[in-house]
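Q: Listed in order, the protein sequences are those of chains A and B. For the record, in the first sequence the residue sitting at position 393 is 393 according to the working numbering, with numbers rising by one throughout. To convert, take the position in the second sequence, counting from 1, and add 1000; that gives the working numbering.
Calculated from the structure, these hints are not laboratory results. Please read these numbers as outputs of a predicted model, since none were measured by experiment. Mixed in with the good hints, there may be bad ones.
Simulated crosslink set (DSS-like; lysine-lysine; CA at most 25 Å straight-line) [as the list claims (entries may be wrong)]:
#1 K23(A) x K1401(B)
#2 K23(A) x K1187(B)
#3 K1310(B) x K14(A)
#4 K14(A) x K1401(B)
#5 K23(A) x K1413(B)
#6 K1187(B) x K56(A)
#7 K1401(B) x K313(A)
#8 K1401(B) x K56(A)
#9 K11(A) x K1401(B)
#10 K23(A) x K1192(B)
#11 K1187(B) x K1336(B)
#12 K11(A) x K1413(B)
Cβ-to-Cβ under 8 Å is the rule here; a few derived chain B residues that face chain A [what the hints assert, rightly or not]:
#13 D1380
#14 K1382
#15 K1401
#16 Q1404
#17 D1405
#18 D1407
#19 G1408
#20 F1410
#21 L1435
#22 L1436
#23 N1437
#24 M1440
The beta-carbon is built from N, C-alpha and C at its ideal position, and this holds for glycine as well.
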Amino acid sequence: MSFDPDIEFIKSLKETGGDTLKKCYQCASCSVACPLSTDQHPFPRKEMIWAQWGMKERLLDDPEVFLCHQCGDCTEICPRGAKPAEVLGAIRAYLYTLYGWPAWLARLAADIKNLPILLGGPAVIILALWLLSGATHIPSADVFARYGYTQFFGHWDFKWYPKNTFFIVSIMVPAAGLAVYSVYRGIHTMWQRMSKRANIKIEFRPSFFMFVTDFLWPSLVETMKHNRFRECTANTDRVKGHLPLVLGFIGAFILTCWSAFRQDILGLIWPSFHGPLPLTDPFKTLANVSAIALLYGIWVLWRNRLALEQRGKASRTFYDWFLIWEIVAVGITGLGAELLRWAGMPTLGYYVYFLHLVSVLMLFLYMPYTKFAHIVYRTTAMCFEKYRVSAFATNTID
Amino acid sequence: MDKKYGAYICTGCEIGENLDIEALSSVAGEQGMTAKLHAALCSEAGREMIRTDIANDGVNTVVICACSPRVWKKEFSFGDDKITVRANLREQVVWSMEKPSESRNAETIAEYTNELAQDYVRMACKQAQKTDLPSPYMLEKTTKTILVMGGGIAGLTAAKEAAGSGYDVTLVEREDKLGGKALNWRKQFPTKSPYASLEQPGVHEMVKVVESDPKITVKTGTEVARISGAPGALKVTFKTAGTKNEWDAPAKVSSDDQDKMNKGQMPDPNEGLKAYMEENPDAEDFGGVVLATGWYPADVSEYEHLGYGKFRNVLTNIEFESLAAHGQITRPSDGKPVESVAFVQSPGGAENDKDFPYANFVTSAVALKQAMYVREDNSDAKAYILYQHMRTPGNLELFYKAAQDDDGIFLTKANVMQVNEEGDGSLTVAITNTLLNEDMTIQVDMVVLAAGMIPTTKKEPSINLAYRQGPAFMDLELFDGYVDSNFICFPYETRRTGVYACGGVRKATDMEETIDDATGAALKAIQAIESTDHGIAVHPRSGDQSFPEFFFQRCTQCKRCTEECPFGALDDDDKGTPKPNISRCRRCGVCMGACPERIIGFKNYNVDIIGSMIKSVEVPDDDEDKLRFIALVCENDAYPTLDMAGMRKYGLNNLVRVIPVRCLGSVNMVWIRDALSSGMDGVVLLGCKFGDGYQCHFVKGSELADKRMANIGETLGSLGLEPERVAAREVSIDDYHKIPQIINEFVEKIVELGPNPFKGF
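Starting from the given sequences, assemble the full structure and let the hints guide the process.
A: Written out as structure tokens, the structure is:
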């Protein structure tokens, strides 16, 4: 095949954490060291030379880029200081923006220079809706104690659908919807490309159910067990951070579902279900535990990343830190707002709650383009990894 | 000299425990020497005992029966006016004792070992009786001026260094100005930490330094017509570069050629030239020569698939360099500034693992350098380096890393299969077996081929000697046209004493290494001159005062010595008799081995000494088990190998008597006759590897011995003796684990043949 190296691609990788990529001299120690690399599909040696030669096309349809858990065993062993783990991180960052839709938003979310816009945009949206809602006042201590933040966007008498819920849904659901659509497009393209590159001729397609049972569910189980993280030998602390973080998110997700059900369904029958959860509610306990797990997890990961950087085994990148900051912001503002409610400090509480809404919106909005996207892309790659060796992808007749 | 002998037997290092010392003493006694014993002869007390005998009894010839002659040399040397002879009872007797086995018990082994030790004492006593003290050969006058041929980086450095050491230097350069090929480099490799970026060429500064040095005479536009004489007294005729001259060095005329010419069957190839023995009264005197004549870029047009000579944008690295030195790099076909260049490091195709010949590491480093040119001219340009081997020794590794780190330099191992031209003059390079695990076609503006550096000596004599053996260095095919006499052991040393090569003529190399090289060569030239001035050998027998002496009254003018001397030390005199040039000689004794009349010998190493040692071995003529063998062993590699086998206690065959020789080439066939006629059952020669990758310290010695052995084998056959009784084996210094087996195999074969039928006659 004929090709032309993309020097701009090389430059951009170098700027986003892959500064060492050209140092690789192809000894393949990394592929040997990597606990996740397999005999049939070894990595990251080949990804390193593709990156060195600016062969973007090769990397776009390479599942291994996403299978990498960035544990850094390769970086530890690399005799040339080429830090393959970081380079693969940079490649992923690049691919998220490439697969991301809309492209302008993807590019926006990938650069620290845009941080004011990234912060300001969601803040303006929330503020605008707050102004629009007409509830632009700080409640009295009594109201605050009774309703907490459930009347942040005000209150109307239409009991079937509270005003506050209406506003929150009208912010978060489109944002989440955009994210879902964006990653769907991304993983769809990626799956197509990976299948083509792997020369898979689709004669038998798994049903949705089979896809879930054979590929998706095992991948999710694996993710939850953190099996692949545990294979790592260089950087073992990450399980201690990542696992509580994941559980924290799951807790928050369950809580959000329960909260919506309680407010929007049960609240119709028993109006007292409107308002903040009482402390006695087991879900409230779950929420608090989740918040603490989330904060603990991100604290561990923060320190871990910092230590790596101090040892020279990782570069300081916006890609890695932006997600850490976002999660910290969500956790601290969430927990902070709750504590301020108990303390009966409406003014400060409202400010913190405002910031909480901003940070949650950011998390949703930028999910497909930032490191957060790994939850879908890596899961997809793990499904593909199982798919390509399954009877669907291998011609069992020949 | 009147000899007064003193024999000393050491009983330390297991000698006393394993040998019958009394019997050894009486062997010395039979030779008229009273043996004294000491438990550690090498100790201060032991040596003091010897020194006392020298002082009180006038002992001047010392026989040390102890360890190998290779150890404690200084300790057992008692001054230039004393002779020391050694018998190796430790490494090659007690440390090499056979281990008891079913076929032989400890008692028999002790008996055999004692006989071996006694023979060694006999041989040492005989050697002491026959050896004379050498005295150095002095030239009437030693000229110390150094001639440096070639004004490139190597020549400039050699001239500067030799002058800096206080010697007068004449530097000749064929071109009109000094500097050589380096004048056309755009930049040079980094010489300073961090070795990451290219530097401005340093050659201009070097030229200035040399031109302003009062001890250096520069002759540009000049060539050497001929060099005659010998180190310390060389006569050099210069001429204007590119002209013909009656003093041009004449071509070699062998004895056979001369016969033909005399019969009118062959024209004289040297018509119009002065005979090689004629002396030019206008010649200048020199002591030694540094050969820095450099290299030619190799021709790469034979690789048709690469398109050199066919496509205008396919260049060699040196053509690319001069293109780059003149400004922005543009395509020769249309002058378009280049945006992409492929540097092809290996010819690829079917024989894909080979590099271009004469590449060494230089072409790798040059490709990295030139890739950087491409990038500095245009930050969007791409440089591909397609290699089979990327060789960047020393600090060049850091340079390689720096080049690799450049965004636009792409490196991969690859087989280059085909270069094709497109309509617009751009080129496509098809490559397979890449690190990217796919076959690719790269489109480039230009292809640069890594042509190697061919030493000038491969194409022309370069040194232009007026020697009997011709104007050029000999046996160049042994080392791809390079002139080293032994590249690993004796760097700079050529096959002509007093001539030291450096830089591109010695090795495909870069500037930094050339500068080291030239400094070394200058020092070797100085060493040669000073050694000559002291009448001693330069190398490899540095400091040896002995030299070959000829008893010309009996010379038959067969010219074997003249033809076979590996260093061309012998010319003819007016009457056709060999004329030795002692300061060209390396004292290997090849002439002595060659001489059928046995008229060549050294004071301390000659046909009589070794012959007498052989004859002094006791040969039992009534015992079928006690066969006797002589091993004539090269002292450079094979003898130390035997010692090493001893140190590791591998066990050596105790029927074999070892005699070290200077070189297998010095083995005179009469010694073999001596051995067989005194009833010995076989003779084995152990010498260095010869031919391709030879290890002989004197280049051709072991090969000559092998040829002579083949001839003697025929003679033996005609006498009814099996030719297998004499053999030559090649041994390298690291063969110590094999050498007992090599000897045993030889012995076993003879045991099968049975004893020498002439035994006892």
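Q: Regarding the hint that L1435(B) lies at the interface with chain A, is the smallest CB-CB distance below 8 Å?
A: holds (5 Å)
Q: May I ask you to test the interface hint for N1437(B) with respect to chain A, counting a Cβ-Cβ separation under 8 Å as satisfied?
A: holds (7 Å)
Q: Return the status of the interface hint for Q1404(B): holds when the least beta-carbon distance to chain A is below 8 Å, violated otherwise.
A: Constraint on Q1404(B) satisfied, holds at 6 Å.
Q: Would the hint on K1401(B) stand, with a C-beta cut-off of 8 Å toward chain A?
A: K1401(B) check passes; min Cβ-Cβ to chain A is 7 Å, inside 8 Å.
Q: Could you grab the alpha-carbon distance between K1187(B) and K56(A) and see if it respects the 25 Å cut-off?
A: violated (34 Å)
Q: Hey, K23(A) versus K1187(B), does the alpha-carbon distance stay inside 25 Å?
A: Satisfied, since the Cα-Cα distance of roughly 24 Å is no more than 25 Å.
Q: Holds or violated: K1401(B) and K56(A), Cα atoms, limit 25 Å.
A: holds (23 Å)
Q: Given the hint that K1401(B) pairs with K313(A), does the C-alpha gap stay at or below 25 Å?
A: Holds, because 19 Å separates the two Cα atoms, which is no more than 25 Å.
Q: Minimum Cβ distance from M1440(B) to chain A below 8 Å?
A: Holds, about 6 Å.
Q: Check the hint pairing K23(A) with K1192(B) against an upper bound of 25 Å on the C-alpha distance.
A: Roughly 21 Å separates the two Cα atoms, so the pair holds.
Q: Does K1401(B) lie within 25 Å of K11(A) when you go C-alpha to C-alpha?
A: holds (17 Å)
Q: Close enough to count: is the Cβ of G1408(B) nearer than 8 Å to one in chain A?
A: With Cβ-Cβ at 6 Å, under 8 Å, it holds.
The earlier numbered hints that this structure contradicts are 3, 6.
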